[in-house]
Amino acid sequence: MSRSLTSIADLSDDDISQLLELSRIFLEVNQREIPKVPALRGKTVATLFFENSTRTRLSFELAATRLSADVLTFTLTTSSVSKGESLRDTAETIESLGADLIVMRHFSSGSVQLVSSWLEIPLVNAGDGAHEHPTQALLDAYAIMEHFNTGKRLDGISVAIVGDVLHSRVARSNVQLLSRLGAQVTLVGPPALIPLDLSLWPARATNSLEDVLSESDVIYMLRVQSERFTESLIPSMSEFSRLFSLTAERLERTRKEAVVMHPGPIIRGVEIAAEAADSSRSLIRTQVTTGVGVRMAVLYWLLGANQGRLESIW
Amino acid sequence: MSRSLTSIADLSDDDISQLLELSRIFLEVNQREIPKVPALRGKTVATLFFENSTRTRLSFELAATRLSADVLTFTLTTSSVSKGESLRDTAETIESLGADLIVMRHFSSGSVQLVSSWLEIPLVNAGDGAHEHPTQALLDAYAIMEHFNTGKRLDGISVAIVGDVLHSRVARSNVQLLSRLGAQVTLVGPPALIPLDLSLWPARATNSLEDVLSESDVIYMLRVQSERFTESLIPSMSEFSRLFSLTAERLERTRKEAVVMHPGPIIRGVEIAAEAADSSRSLIRTQVTTGVGVRMAVLYWLLGANQGRLESIW
Amino acid sequence: MSRSLTSIADLSDDDISQLLELSRIFLEVNQREIPKVPALRGKTVATLFFENSTRTRLSFELAATRLSADVLTFTLTTSSVSKGESLRDTAETIESLGADLIVMRHFSSGSVQLVSSWLEIPLVNAGDGAHEHPTQALLDAYAIMEHFNTGKRLDGISVAIVGDVLHSRVARSNVQLLSRLGAQVTLVGPPALIPLDLSLWPARATNSLEDVLSESDVIYMLRVQSERFTESLIPSMSEFSRLFSLTAERLERTRKEAVVMHPGPIIRGVEIAAEAADSSRSLIRTQVTTGVGVRMAVLYWLLGANQGRLESIW
Chain A
1 MSRSLTSIAD LSDDDISQLL ELSRIFLEVN QREIPKVPAL RGKTVATLFF
51 ENSTRTRLSF ELAATRLSAD VLTFTLTTSS VSKGESLRDT AETIESLGAD
101 LIVMRHFSSG SVQLVSSWLE IPLVNAGDGA HEHPTQALLD AYAIMEHFNT
151 GKRLDGISVA IVGDVLHSRV ARSNVQLLSR LGAQVTLVGP PALIPLDLSL
201 WPARATNSLE DVLSESDVIY MLRVQSERFT ESLIPSMSEF SRLFSLTAER
251 LERTRKEAVV MHPGPIIRGV EIAAEAADSS RSLIRTQVTT GVGVRMAVLY
301 WLLGANQGRL ESIW
Chain B
1 MSRSLTSIAD LSDDDISQLL ELSRIFLEVN QREIPKVPAL RGKTVATLFF
51 ENSTRTRLSF ELAATRLSAD VLTFTLTTSS VSKGESLRDT AETIESLGAD
101 LIVMRHFSSG SVQLVSSWLE IPLVNAGDGA HEHPTQALLD AYAIMEHFNT
151 GKRLDGISVA IVGDVLHSRV ARSNVQLLSR LGAQVTLVGP PALIPLDLSL
201 WPARATNSLE DVLSESDVIY MLRVQSERFT ESLIPSMSEF SRLFSLTAER
251 LERTRKEAVV MHPGPIIRGV EIAAEAADSS RSLIRTQVTT GVGVRMAVLY
301 WLLGANQGRL ESIW
Chain C
1 MSRSLTSIAD LSDDDISQLL ELSRIFLEVN QREIPKVPAL RGKTVATLFF
51 ENSTRTRLSF ELAATRLSAD VLTFTLTTSS VSKGESLRDT AETIESLGAD
101 LIVMRHFSSG SVQLVSSWLE IPLVNAGDGA HEHPTQALLD AYAIMEHFNT
151 GKRLDGISVA IVGDVLHSRV ARSNVQLLSR LGAQVTLVGP PALIPLDLSL
201 WPARATNSLE DVLSESDVIY MLRVQSERFT ESLIPSMSEF SRLFSLTAER
251 LERTRKEAVV MHPGPIIRGV EIAAEAADSS RSLIRTQVTT GVGVRMAVLY
301 WLLGANQGRL ESIW
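Heads up: the sequence lines are chains A, B and C, in that order. For the first sequence, my numbering gives the first residue as 1, with consecutive numbering after it. For the second sequence, my numbering gives the first residue as 1, with consecutive numbering after it. For the third sequence, my numbering gives the first residue as 1, with consecutive numbering after it.
Just so you know, these hints were derived from the structure itself, not from any lab. All C-beta atoms in this analysis are idealised placements derived from N, C-alpha and C, irrespective of residue type, glycine included. Some hints could be false.
[Stated by the list, open to error] Residues on chain C that point at chain B, a partial pick, calculated with CB under 7 Å:
| no. | residue |
| --- | --- |
| 1 | 38 |
| 2 | 42 |
| 3 | 70 |
| 4 | 72 |
| 5 | 74 |
| 6 | 89 |
| 7 | 93 |
| 8 | 96 |
| 9 | 97 |
| 10 | 255 |
Excised from the complex, chain A in its bound form (with noise of 0.2 Å):
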């Protein structure tokens, strides 16, 4: 069994440090004309995705197919995996063809590191049911970092996720990496969406979005579920947009240097009104374009970088 990367837990301090060091290498490649390097020539990159994410897959895609990797696409839906044994069949049949590592979303939590215990070649989660989801903290990570000009660490910055944190991979793998770098992370939501239990969250907790707008650097929105209201957890759409949605008002109340975040999509409207998305205070777009050059360190870390390929990336 090789090393994946299932979880911000599986990652030391050490590891963090590589991987946002060989980000920006590969956020540098990005920028030259051709932003190709043969690092992984050879290597074949399967994606399994159970969910639908078009922008997530094309983003790990794009990262192979740039670090010079083959890319095997499997897309399923939940019809065709009916018997929890197939996960396994079809994840022994991808390492069978010759696959050298899958990327992997899954709409149950705990499954990528149910599947990495069956295979040999690393797995990267890329979202598990309401787990983790650790390429996204990792480029978040890095775009607070390179925002706010704070070197390897997030000492002094202080950032609000707001909005169904209970039920969100993004906020859980955020609030690990983040306060891990020195982060003071405060998680903002109704009292349904809000962990009780607050001993593993190295977090505090509001529910007012008031209590924080005017102390935060980083203002994170978390997408909105739809099925969250049908389950009768918060009381409806617009009482929701009322009290958490960052709107241009809420914005103006924010302080002058404090930026916006967003995993996406958006729902405008929603969560974030258009004026706070497209202002030149949201990073939204910055993290999209952090996340290529992210999943290209983290291919390479788990496939290269023991390999004495390092030298080609240059």
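Please arrange chains B and C on chain A, whose structure you already have, making use of the hints.
Just chains B and C now, with coordinates in the frame of chain A:
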């Protein structure tokens, strides 16, 4: 904002001449044992199709591949784009990922122009609603010139465009381009499917296919879209076919040097008989082959020509 | 019309020998640090699948990629091919786009042969209805030879093919090929799923799995298709499983050197127990790995071997 190709009106006479000349070069490349050139190596071409059209999408993707570009494929259904703003967010995400050009098809007229106003990178319109489909017109013009050996013009060539002209982006682009190149175009169809006001259509119109059969060099059949019948714009499929289908018998009454064209996919027995589609007078397969070279020309012209990459074609 | 691979009967004994030898070479290539060869650089391989089969399609596409060919992927649902003529038009369009070979899967027996009569380029049958799946038979033959180290023949090897033999293209191709190579094949299944007339099947038949368990070198389990039960060809899934499933207990009663094979995807607990599928006696994952090399051999044999490209393998 870079230069885009959204309609034939975007192109000057010089542009058209350049594009047709580049098409000739790339169609020669496609005849080689290894039909690839490094002209766009390191560039990323994204296809963004909101309407399903495997053949058009693959024609563009093959064109990109033969220029050594990388390809990102976004296929979206209307259900995943219910909100107006998402079109903007999707397009901005593709640009932020690092795409250098977007080939876009959309069900709404004008949507490609709209998206191009939001982005820095060039767009190619691969069909927007009932508006335009400029690469289809370019490949059709090229195929006619090549067949009749008329050089860089179409003077003296008469073209009948037959069927649902009013709703056809293919007809709209072809009329503009063919007439600018000197061809005489006649629109043929039932009154409800021919434009009432011809002031913007540099063409004649008639409701009788019989009238033009013996005087046209090109019989250009349009696709019949079955939704027109449910909209009651034409009485019935059989009535339409009786009057406007290119039957074997009608093919007999055309000039012996006349050719049959169709943008595809054809529905044999509806707008065109198998005898016409498969006859030696059919240019339908030539149109498909020509399309790849013409799309290579368009991609190269928008991405490579101004960057001193021309020499890399050879 | 080029040479195609539509059925095992297309192949002479020499052809089979050549293909198995090429498979050996390409499986060695796949063991290299960079498992790619430039043998088909500039060639375009199209996959045209009218039935969904991600694993077979990706096996061919990976094979093409490792030979440095470009890939065009056409996936079509039955709903988009309601008219008979469109099959011809779709195939002709792919050829006109510039594909050099089409790998085709279709729900109708004989469809690949039919399409090959319309085109100039070669086709590879990746499964046509209940007719044939010749690359599956080639990879199975290779895997058996390799496992039992029998050289270029299968003399003395006894193979039991178990399940819904009558509707299985895998069984049909395997019986032909394995028997030609000298293996003794026994078909095992309920009366309604075994051919009545064995004159075209060079094999014995029995309705009792127990009879063959202790005398077979290979227990080849077929997929059970649930639609057979609704067609009343067999009484029930549980009855079928009780009689013809390879359980852990039955595995015990096979020869100690016997192996288990299955074309995939397997349904654990229906035709095969997890204990059998995951045992060290299972060749299922070896079959998948072998498939990529065998398909490289087939693509190369049809596209490159006659063009003096053989030297480019090394």
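Results of checking the hints against the structure:
About 10 Å separates the beta-carbon of residue 38 of chain C from the nearest beta-carbon of chain B, more than 7 Å, and the hint is not met. The interface hint given for residue 42 of chain C is met, as the beta carbon of that residue sits about 3 Å from the closest beta carbon of chain B, less than 7 Å. Of the supplied interface hints, the one on residue 70 of chain C holds, with its beta-carbon coming within about 5 Å of a beta-carbon of chain B, less than 7 Å. Interface restraint check for residue 72 of chain C: the shortest CB-CB distance to chain B comes to about 5 Å, inside 7 Å, so the restraint holds.
Using the Cβ-Cβ criterion of 7 Å, the hint placing residue 74 of chain C at the interface with chain B is satisfied: the shortest such distance is roughly 6 Å. Of the supplied interface hints, the one on residue 89 of chain C holds, with its beta-carbon coming within about 6 Å of a beta-carbon of chain B, less than 7 Å. The restraint placing residue 93 of chain C at the interface with chain B holds, with a minimum CB-CB distance near 5 Å, inside the 7 Å limit. Residue-level restraint check for residue 96 of chain C holds (minimum Cβ-Cβ distance to chain B is 4 Å; threshold 7 Å).
Taking 7 Å as the C-beta contact cut-off toward chain B, the hint placing residue 97 of chain C at the interface holds, the least distance being around 6 Å. Given the 7 Å rule on beta carbons, the hint for residue 255 of chain C is violated: about 49 Å separates it from the nearest Cβ of chain B.
In the structure shown, a violation is registered for the earlier hints numbered 1 and 10, in ascending order.
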